[in-house]
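So the protein lines, in turn, are chains L and Y.
For the first sequence, the positions run 1 to 146 when my numbering is used.
For the second sequence, the positions run 1 to 238 when my numbering is used.
FYI, nobody ran anything at the bench for these hints, they're computed from the structure.
Take the hints with a grain of salt, since some may be wrong.
[Claimed, not checked] Straight line, CA to CA, 20 Å or less: simulated SDA-like cross-link-like pairs of lysine to any residue:
1) K66(L) / V82(L)
2) K171(Y) / N131(L)
3) K6(L) / W122(Y)
4) K229(Y) / Y146(Y)
5) K6(L) / R149(Y)
6) K171(Y) / G21(L)
7) K6(L) / Y146(Y)
8) K229(Y) / R149(Y)
9) K171(Y) / F81(Y)
10) K113(Y) / R7(L)
11) K60(L) / K75(L)
12) K4(L) / F81(Y)
13) K82(Y) / T5(L)
14) K82(Y) / S12(L)
15) K95(L) / V53(L)
16) K52(L) / K138(L)
17) K113(Y) / H181(Y)
18) K171(Y) / L29(L)
19) K82(Y) / H181(Y)
20) K82(Y) / R7(L)
21) K103(L) / W111(Y)
22) K138(L) / R52(Y)
23) K78(L) / G96(L)
24) K52(L) / W122(Y)
25) K75(L) / K95(L)
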Amino acid sequence: MKPKTKRLITLSSSLFLFGVGCIILFYNLRGNLVFFYSPTELLEKSDVNSQKVRLGGMVKKESIFKEMVLQDNFKIQKITFVITDFENEIQVNYKGILPDLFKEGQGVVVEGNYEDNLFNAINVLAKHDENYMPPELKDLNLEASN
Amino acid sequence: MFTKFANPNYFLKISDKIYYPCFLSSIVLFFISLYFSFFASPPDYLQGETVRIMYVHVPCAWLSLSTYSIMAICSFFSIVFKHTLADIIARACAPVGACFTLATLITGSIWGKPTWGTWWVWDARLTSELVLFFIYLGHIFISNAYDDRRKGDRNAAILTLVGIVNLPIIKWSVDWWNTLHQPASISKFSSPSIDDSMLIPLFLMFFSFLLFFTSLLILRIKSEIVVRKIEIIELNNN
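The following block holds chain Y by itself, in its conformation from the complex:
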């Protein structure tokens, strides 16, 4: 079963079926969650209206970390089992993840000015998220740095696996060290410290971003598979 899913042709077949439902529902859900985050949710007791930045910032931050996890798993399979699809997925993930990380940093900065009183501080959470952005950029550069695509894929996979050490640092930096950034509001072990009226738009927005991410990823993987197929045809013709 596993090898069946790892086959690019089979992947193309199922991805064609889920691409449009994914993309359309992400757009619809996006407008619903925009309505919720601007009109159907209350301001915060302390921060007032600025709390609405959370509905973009937090989903972006979650996705910046989950995209990296997907990349790391793919890099592992790419090195050990030499699956072409794993390389393709990692390559497709990197720019999307980099964008989510950049969006997290920018929205966080915009949120930080009115609440904390500063655009940027070098505390553990902010710095480790910035390092994540540089790792994403490194992945993009390295995977495109070689004429031989496989060499680039391999070295980028090693970078991704080394950089995985950053994920727990980002996640738990707010608990391990004194940071200006507040600790997590939503965790597995306790009930969320965000009121339900604010939790609903947050999760709606997250799912809309997740669906958008999935459809974007499918599109990028499809085009990458097509590019590789064209290369093989060109090689055979020469």
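In isolation and in its complexed conformation, chain L is listed as follows:
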């Protein structure tokens, strides 16, 4: 056998084995690699009490309520809203500043604790989708859908 062929076979087979190993590894890790849980997934979990978790989904329409509260002599905005995956929903409490893209009907990821059917968020991150278009077009689409 020529050394070239030998190298080709050695390299291809070791890369193949390595690839299979990686596929097995990542296939088994898939449950641990999620960045956030959906409301349905979080409700199924029983061991999340007082543990820091991330919850993601859509902000339910007409579920946002804002009020100003006094905390340590500072006026802080207190926000409550509902995160839904259109099957289950979870009520979220948050005190602080919201990202600009936080809107009803938009994606959101919150970080915090889930206790007694209430999610106390420490951090709110906005999630946007893969659609990009000029504002005029969005208005047209809305009119068309109405």
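For this one, chain L is given, so just place chain Y on it according to the hints.
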């Protein structure tokens, strides 16, 4: 035909011809796409003006992945067929790819703050792109770590081939796992979910970056070939 292209001298001859057209058109195209991305494209309906970061971020991200693919193919040929030119191209690619990856991470971070509300999160897409950056750095360090250049080339090639497992992870991380990063807007199987008025500056910018990358690569390969030639002359004189 294949061996003809793999000959460094033949490569020098054709690369001299395409270097200047490549470089000049990349500069011209860059200013055209800058005009398009700042003035001739609309703001996004949701993100407003921040969407313009996309015109730098996305081309950099695409090139960070394609540069790695080129490196991986070259590493394969370098190990199996021992082509000098393959080593040279892989060595020339690594720092350029590392820069594109760094630019992707930095622009992504700048984009993430106003849209998501955070500079950085450890989700699958962002983390795997960071790992890509470390692999590039590893390639640069390993290929320069030995007195014997060939040893460095060989070990760096093995690293590159092992690291190729990261490419599909980066590409499909947004589909396989829940991530904060949004899924791909442009894919082969469906029409792009970016409006045409934003797609034009994006592709213009990508081609300008691609031409710039090509001319930079030619320049780096040429200098690497010259360095190796000088080394051979010095060896023969001693």
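Okay, the hints, checked on the actual structure:
1. K66(L) / V82(L): Distance ~13 Å between K66(L) and V82(L) Cα, so the pair holds.
2. K171(Y) / N131(L): Between K171(Y) and N131(L) the Cα gap is close to 18 Å, so the pair holds against 20 Å.
3. K6(L) / W122(Y): Distance of about 42 Å is beyond 20 Å: violated.
4. K229(Y) / Y146(Y): holds (19 Å)
5. K6(L) / R149(Y): At roughly 23 Å apart (the allowed maximum being 20 Å), R149(Y) and K6(L) break the hint.
6. K171(Y) / G21(L): Measuring from Cα to Cα gives roughly 19 Å; hence the hint holds.
7. K6(L) / Y146(Y): violated (26 Å)
8. K229(Y) / R149(Y): With a Cα-Cα distance of about 13 Å, the restraint between K229(Y) and R149(Y) holds, given a limit of 20 Å.
9. K171(Y) / F81(Y): It is violated: about 29 Å lies between the C-alpha atoms, which goes past 20 Å.
10. K113(Y) / R7(L): It is violated: about 48 Å lies between the C-alpha atoms, which goes past 20 Å.
11. K60(L) / K75(L): violated (26 Å)
12. K4(L) / F81(Y): Given that 20 Å is the threshold and the Cα spacing comes to 6 Å, the pair holds.
13. K82(Y) / T5(L): holds (12 Å)
14. K82(Y) / S12(L): Holds, because 15 Å separates the two Cα atoms, which is no more than 20 Å.
15. K95(L) / V53(L): The hint holds at about 17 Å.
16. K52(L) / K138(L): Given that 20 Å is the threshold and the Cα spacing comes to 37 Å, the pair is violated.
17. K113(Y) / H181(Y): Given pair K113(Y), H181(Y) holds - Cα atoms ~12 Å apart, limit 20 Å.
18. K171(Y) / L29(L): holds (17 Å)
19. K82(Y) / H181(Y): It is violated: about 40 Å lies between the C-alpha atoms, which goes past 20 Å.
20. K82(Y) / R7(L): holds (10 Å)
21. K103(L) / W111(Y): Holds. K103(L) to W111(Y) sits at ~18 Å (cutoff 20 Å).
22. K138(L) / R52(Y): With a Cα-Cα distance of about 18 Å, the restraint between K138(L) and R52(Y) holds, given a limit of 20 Å.
23. K78(L) / G96(L): This hinted pair holds, its Cα atoms lying about 7 Å apart.
24. K52(L) / W122(Y): holds (15 Å)
25. K75(L) / K95(L): Satisfied, since the Cα-Cα distance of roughly 10 Å is no more than 20 Å.
When each numbered hint is compared with the structure, violations occur for hints 3, 5, 7, 9, 10, 11, 16, 19.
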